[in-house]
Amino acid sequence: MTVEHKILFTGTMGAGKTTAIGAVSEIPPVSTDVRNSDTSVAKATTTVGLDYGELTLDNGEKLRLYGTPGQMRFDFMWRILARGALGLVILVDNSRPDPLADLDVYLDGFSELIATTACVVAVGRMEAHPQPDIDAYARRAEARGVLCPVLPANVTDPQQVVQLLELLLLQLEA
Amino acid sequence: MTTAAQAAPKGQRALLSFSVEGLPPREELLFKSLVRLLDHRTHQHWAWKAGEADLRVVGEQSPAHTGAPAVPVLAVGQVDPQRGGHFLALPLHADALEQTLNRLGAMVVHARGLGLVAIEAGPGEDDAFRLLRWPPAALLEAPHRIRLATLMTGRPTSLGVLRQRSGRATQECLDFIADLRRSGLLENVAEPAQAGGFATSIFPSSLFPDSLFPGNTGPDSRPAPPRQALRETVQPGLLARIRNRLGLLAPGPR
Chain A
1102 MTVEHKILFT GTMGAGKTTA IGAVSEIPPV STDVRNSDTS VAKATTTVGL
1152 DYGELTLDNG EKLRLYGTPG QMRFDFMWRI LARGALGLVI LVDNSRPDPL
1202 ADLDVYLDGF SELIATTACV VAVGRMEAHP QPDIDAYARR AEARGVLCPV
1252 LPANVTDPQQ VVQLLELLLL QLEA
Chain B
13 MTTAAQAAPK GQRALLSFSV EGLPPREELL FKSLVRLLDH RTHQHWAWKA
63 GEADLRVVGE QSPAHTGAPA VPVLAVGQVD PQRGGHFLAL PLHADALEQT
113 LNRLGAMVVH ARGLGLVAIE AGPGEDDAFR LLRWPPAALL EAPHRIRLAT
163 LMTGRPTSLG VLRQRSGRAT QECLDFIADL RRSGLLENVA EPAQAGGFAT
213 SIFPSSLFPD SLFPGNTGPD SRPAPPRQAL RETVQPGLLA RIRNRLGLLA
263 PGPR
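Chains as they are written, first to last, in my numbering: chain A, 1102 to 1275; chain B, 13 to 266.
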């Protein structure tokens, strides 16, 4: 049986989960998008199930990349996806009304996974929306008892997505 | 007012610390905020630190300080205490604060160069320490520092372990450790740092039965195992294979 491993990308709707997976996946990301009915977010479609991408390792094993549904009403899927994951990338959209509260949602929702494996917080759209700054996110994570890398990221750049994954690996190697 | 052309490159700036005592909370908050805002202009990088620092900022409510270490004192208030020292008048003005910080920063750096200020001894090779919080962005301007900090997010580490895992030069590790310590982000711990063990760990194939998604859809009520224990169950060689697939170099000699 083929051994499989997985890394999760989570975050709010529009934070870039599908984009991040597509930036590094060797297959076009499989998404369960539907027409977006949330008029507060300027997206034509949004992910209600999950995104999926994959990488084939040199021994034939698969590294599966899952993007979780962003909305809290799908949080029952977060726990399912989290089981056995190697690590978690939390994508935060700094243009949203209260991005620090968004971070809280995912730190809480994935607290068991974060406590047992690697986590990175990546904050997007900071060029146009510099506040809150990256240090505010670090303090917020600290207040939640989480010590993990917190950095700005543009997930449309594959190199930056690779960097996020490298930080997960470094934590696992430490 | 300095110009951008006069400002020293950020990577070459000294990291200095300041403490604040005796200022009203609002003025203390404003002072710290202004220092952060001016960070791209000041010749040194200034970071607030509780306790002994390179510069003492004192307000009018500050008690008399006896037996103080030889660090400059900056009085901040409505009226110059006329002690012949450094003074900033309230309300604070960014230009005046910038000039004062640059002047005092130059003094501190010069005093360090003359050996007039005690420089903290670096950690021993095996002295274990723990990172308390993800460092501020000002300390992470170089990419290798993000990696070093990441390596410190787990169990306690030491200079030797950090150098081994990162593959970075001893001086780079020492500089980063010193900056973290000055910012109050490191804590000494009694337990010895562990040099790996990860590479020799064994992965029982049944440990992650649900990694073959989709799996059991019920909530997992089992208590989470310790972070370190679960990390050590990752299949040997897996992380290297992922690195290889992503085109990443190994983090350092192991």
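There may be inaccurate statements among the hints.
As the list claims (entries may be wrong) - Partner residues aside, some chain A positions facing chain B, computed with beta carbon under 8 angstroms:
| # | residue |
| --- | --- |
| 1 | Leu1164 |
| 2 | Leu1187 |
| 3 | Leu1201 |
| 4 | Val1206 |
| 5 | Met1227 |
| 6 | His1230 |
| 7 | Glu1267 |
| 8 | Glu1274 |
These are calculated hints, taken from the structure and not from any lab test.
Keep in mind that this is a model prediction, so the values were computed, not measured.
For each residue, glycine too, the CB sits at the ideal point set by N, CA and C.
Here is what the structure says about each hint:
no., hint, in the structure
1, Leu1164, "6 angstroms, holds"
2, Leu1187, "7 angstroms, holds"
3, Leu1201, "14 angstroms, violated"
4, Val1206, "18 angstroms, violated"
5, Met1227, "10 angstroms, violated"
6, His1230, "16 angstroms, violated"
7, Glu1267, "5 angstroms, holds"
8, Glu1274, "6 angstroms, holds"
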